[in-house]
Every structure is written in structure tokens, then in C-alpha cells.
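Throw the hints in and build the complete structure from the sequences for me.
From first to last, the protein sequence lines are chains A and B.
If you read the first sequence in the working numbering, its first letter stands for residue 57, the second for the next number, and so on.
If you read the second sequence in the working numbering, its first letter stands for residue 4, the second for the next number, and so on.
What the hints contain is simulated information worked out from the structure, not anything from laboratory work.
Ideal Cβ placement from N, Cα and C applies to all residues, glycine included.
Be aware that a few hints might be false.
What the hints assert, rightly or not - When the alpha-carbon atoms are kept at most 25 Å apart in a straight line, the in silico SDA-like pairs for lysine to any residue are as follows:
hint, chain 1, residue 1, chain 2, residue 2
1, B, K197, B, Q214
2, B, K131, A, I236
3, B, K114, A, R244
4, B, K229, A, R219
5, A, K156, B, E73
6, B, K133, A, V234
7, B, K114, A, L240
8, B, K146, B, Q121
9, B, K114, B, S103
10, B, K293, B, P277
11, B, K131, A, E222
12, A, K156, B, T37
13, B, K131, A, R233
14, B, K171, A, V234
15, B, K171, A, R219
16, B, K148, A, D217
17, B, K148, A, I235
18, B, K148, A, L240
19, B, K148, A, R219
20, B, K197, B, L186
21, B, K133, B, R201
22, B, K148, B, A183
23, B, K114, A, R212
24, B, K187, B, E145
25, B, K171, A, I220
26, B, K131, B, Q158
27, A, K156, B, G34
28, B, K114, A, I236
29, B, K293, B, T282
30, B, K148, A, R233
Said to hold, decoys possible - To give an idea of the interface, some chain B residues facing chain A are shown, with a C-beta separation under 8 Å as derived from the structure:
hint, residue
31, L72
32, I93
33, R98
34, M99
35, F101
36, S103
37, A105
38, R122
39, R123
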Amino acid sequence: MTREHRIGTFTLAAWTALVVLFLLLPLFVIVAFSFNDSDFPSFPMRGLTLKWYWRFLESEELLTALWNSALVAFATMILATTFGTLAAIGLARSGARTQKFMRPLLSTPMMTPRLVVGIALLNMFNLLSMQLSLLTVIVGHTVVAVPYVILVVTARLVGLDPRIEEAATDLGATRTRVIIDILLPLLRPAVLGSALIAFTLSFDEVVVTFFTTGTENTLPTTIWAMLRYGITPEINAVSTLTMIATVVLALGAEAMIRSGGVHRR
Amino acid sequence: MTIVSGKIEPMGTMAAEQSLIEIDHVRKSFGVHTAIDEVSLALGEGHFVTLLGPSGCGKTTLLRMIGGLETPDSGSIRIAGMPVASFSPIDRPTRMVFQSYALFPHMTVEKNVAYGLQRRRMPDAEIKVKVAAQLEMVGLSEKAKSYPSELSGGQQQRVALARALVTKPRVLLLDEPLAALDLKLRQRMQAELKSLQRSAAITFVYVTHDQHEALGLSDCVVVMEKGRVAQSGAPAEIYHRPANRYVAEFVGDISVLDGTVRDTADGHARIETPAGMFTASSPPVQPGNKVHAIIRPEGVRIAAAGGDGTTGTNTLRATVETATFRGADMLVEFRGPADIRIQTSIASTAPEAAAIIPGQAITLELPAAALWLIPAERNSNASESSP
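This is how it looks when you write it as C-alpha cells:
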């Protein structure tokens, strides 16, 4: 019995290790090759170097792309968080019927394939005769990110005692004051968390960007374009940096949302 | 005199006073569910009024309408003679204390209490003085910088009271404010609430489903049933002179004798029951009316152990069914003629307690003063006073 048990435990551990390896190995390869002193991704590694990172920092094209990405992601974060949070508050206060109708509707952009969202946005911008630019990219990314914000903020809102808001109203607060004084402070973890999610979503969005951008490129689309000449070690370096930034932001978002408790100073 | 439609007077003695809150034919429904059905009430200034009833009877909805958190579908609510329908909360002379306290968890005790004053644009220096004085009054001065989550249930309750009272309302609306506290603390807070209400001379409208709380605290109890007022009056009146069986059973235990009125004379009626003729106190009834004669356990008297002697007036012979020792007293259930059940409580130190043995026959007296008549069916009797 104990022996069988031990074999079972071992098998499970081995299987788990395999799955984790399968998930993470490609990422390790990218990181490893970004330090490889060779023009081609090949084992065994020739030696360690940071030159690919320097090359990235010297590349006008990549730096511009990084700047564009950061700009778009920041703008998307602000817009999506504002709209999403207000929408979540509004939804929570509307009747059951409105909610039943609106909630699936508002999460549609999240469920729809990005390809379709991209084509739809392109069509709309054409109809409106809008010049494609970073602005249209921001609009596109906001459309994609808002549902996530609504989802996260709503999850926190349903856990709030509605009587806290009523108490504020009873003490003389206007609707706006209730939002500023009561709701936003109590929703802060969810709002900040969803802001980071929106930033991350935008930062590595490819498909919607591809359809909605004009002449400017973001980091992901630039990398995509560079891939036509094969995977260069430079790309590995950029990818490694992007990965680190994204992981840090995602972990931050998670920690923020999890810290459900009341914030104190 | 502002008794609304002359129907309900919360208290006999209040009729001559000015009513502070007048509720006039108010209706409120949520979807198909009617929460409040044509309720009219007049509540006097400075009184401790309790809205009593089981969950779902509409008491909280009525309270929330007085406080402006819900709007009546029809009818009107006037406070101090002013219709308040169009008043924003800041202009209402009412303030609410919520069941779960609803303190602002991200603000200190001090800031919680200051919030209502800040909304009134009072200068900071003045707010500081008032908040400090209010916290002093509820005995929480040293907790001013604490957060609600660091306080006990009783302390949170006091913060909720302070937060409402500091804005000097004329009416304090309390929605089951003690429901979350344990028994000992609840009893202490009841006493505190009562003395607070007396010293502050504020009208309290208090919602509860606990009849002991209602009877013990109130000047006036409004018993509610399915969105209507079943009866309103002083606690003793509600307890001893219930208008119907619903009220009688909600505020305590009763034993019931079914009977028919034979004749009446100034406040008394003689009724014929399967256990013989009884004289009872009664509201106006007509001979021939079908009635329930009810009696509280403490009204029943043990006339003679044995019960084999001649029975006098208002007595009946019964056998002890069960006797439950409860410490201070004994709860005894008797079975009388025609399967009549009579419940009584006897002090466990009383001499007759020794005779209470299951199977023992005993003569019980149901004094006319303790025997009260209520209509046997709704709408069958002129004494029915509920709307």
C-alpha cells in the first residue's frame, strides 16, 4: 500500500515536471539564446554575451516601437480602466433585467476572435473615414480591454455591502460623492489590478494592432515584421525583456486583486 | 390633531399630541410582490416606536421609505407636517442605522462620524469638536483613530449610532440594529439605546422581529403582517389586548378556548365554550359572535389541586399532560374537557408546584380579567381593528 502510494506520488511528480517543462522550455530557450554569442540560434551555445541587448538599445526602429507600445498601452490602460470601472458601477446599480441583457453584450469583444474584432474595427474606421494611426490602435485596444476591467471590478463590487453606499447617501452624499468617497477607495485593489491587466493586454496585442495601425509599429508588430528575416538573437533579447515586464505586471495585477482587504495607511 | 384617516392611533395618550411622522395610504411593491399595502400610521414625536413582525412583513421597507431610501408607489409620508417625497437625504430630518452597521471600512472611527458633517459643509474646526463630543458620549474617544475592523460588534454599533446622531436628526431609524450581537451584549445595548433615546429626546423608529425587544423598549409597538398593520398600540395593550390571533401569537404564548358570545355587559362578555360558561374581558362584541377566548400562561391560576370539588366560575378541570422544569419556573401543559389545551407557568418554588405530576387532575381558574376575546375569523367581527 505504502509502496504503491510512493510510486503514485513519484509518477505524479514526474508528470507535473514534464508538463511544466513543456510549458516553460520555449521561454527558457529564448532567454538562453538572447545571451548566446552567435548569429544563429543553435546549440551548443558559443559563449555568453550582452551584445544583442546593446544592439536592441541602438536600434532606432525597435526603440520607436517600444515607445509606441508604451504610449498605446498607457492610454489604453487609462481609457479602459475609466470606462470599465464606471460601466461596472452602473451595471451593478441597474435592474436585474438590464444586467441580464447588458452583461453578455459587454463581454462580447472578449469572446469574439481578435481577428474578427480587428476586421470589424478596420471596417468601422474606414466608414468613419478615420486615418489609421496610433489613435485608432488605442481605440481598438480599449475595445478589447474594457470587458476585462468590467469583469474584475464587478467581482469586487458584488462583494461590497450595498448598505455602505446607502449609509453615505443617508448622511448626505450625492451620487458622485458616493463614488469618490466610498466606492473608488473600496474598489481600489480591483481598479488598479484591472489597470495592469489592460496595460499588459495592450502591450502584447498583435492582431488588433495589425488591423488598426497606420504607418507606426508597436513592439509586437515590429518583431513580427523582423521575423521575415528569421529569428535573430536581437528578437530573443527583446522578447526576454518583454516577457519580464509582462510577468512583473501580471503578478502585480494578481497581487492587487487578491489583496481584498481594506487598505490602510 | 393629525390622526390619519382616523383609523389608527398608535397610543391612546398620543391622540392629543402632534404626530411627527404621518404615513398616509402608502403602497409599495417590488415586481408582483406587494411589500406595503395601504399602510396609514401616525407616530408621535419623542416616542420609541417599534415596527414588529416576521421577515418579509414589510417593516424594513416601511422604515426605508421613511428614510427616503425607497419611494412609495402611492400615498404620502409627511415628517413634521412636510411631505418629504421630494427631499434629498441631506434635507431629511431622518437618519438611518443599518443592520450590519454599514460603517465605511476604509475610514477611521473619527472620519466615519465626521462624514455626515462634512457633507453639510461644516467648518473643520467645528466638525472636530462635534465628533469628539459625540465619541465621548458613546464612550469611544480612545478608539477615534481605529478602523471599524479593529472594533468589537458592540463598539461598531456605537460608531454607527454616533455617526447618525452627530448630524442631530429628529428621527433615528434603526433596522434590526442589535441582530448581530450576542444575547448579553444585546441586552446591554437595549438598555443603552433606551436611555440614549430618552436623553436625546429623539424619535426612534426601530425595526425588529424580536417581540421581547419590542415590548421592552417601545412606547408604541406596530405589529405588521404581510405589508399591513395588524395592530398598533402600547406594549401592554398589544400583549394583553391583541386585536387578533396573529398578534396574540406573535407577541407571546396563548391558550385558546373556542366559544360563542351569549351576552355582554360593560367590557365583559359571557361566552359558551365546550368547557362551560366563562366570563371574559372583551372588545365590543355581539351575542352570537364566534370568538376565541385567549389567555397568557401567567394569567392561568391553579384553583385547587385535585380538582374534584365543585367548580366555581371561570374554572375548569384539567389533567397535567407535561411539566417542563425551566429553572425559575415550570411550564405546564394541561388537557381539559373537549381536548382543550391550557398552558401555564408556575414558579418552581410555589407550594402548588409539588402537585404538578403528569396525569394529576387539577382545577384551573381563568380569571375574567386575564381572559380576552378575539374574533374567531377575520372579517367576522366588529372588533377587528386592522385595516
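> Which numbered conditions among the earlier hints are violated in the structure presented, ordered from lowest to highest?
Replying inline: none
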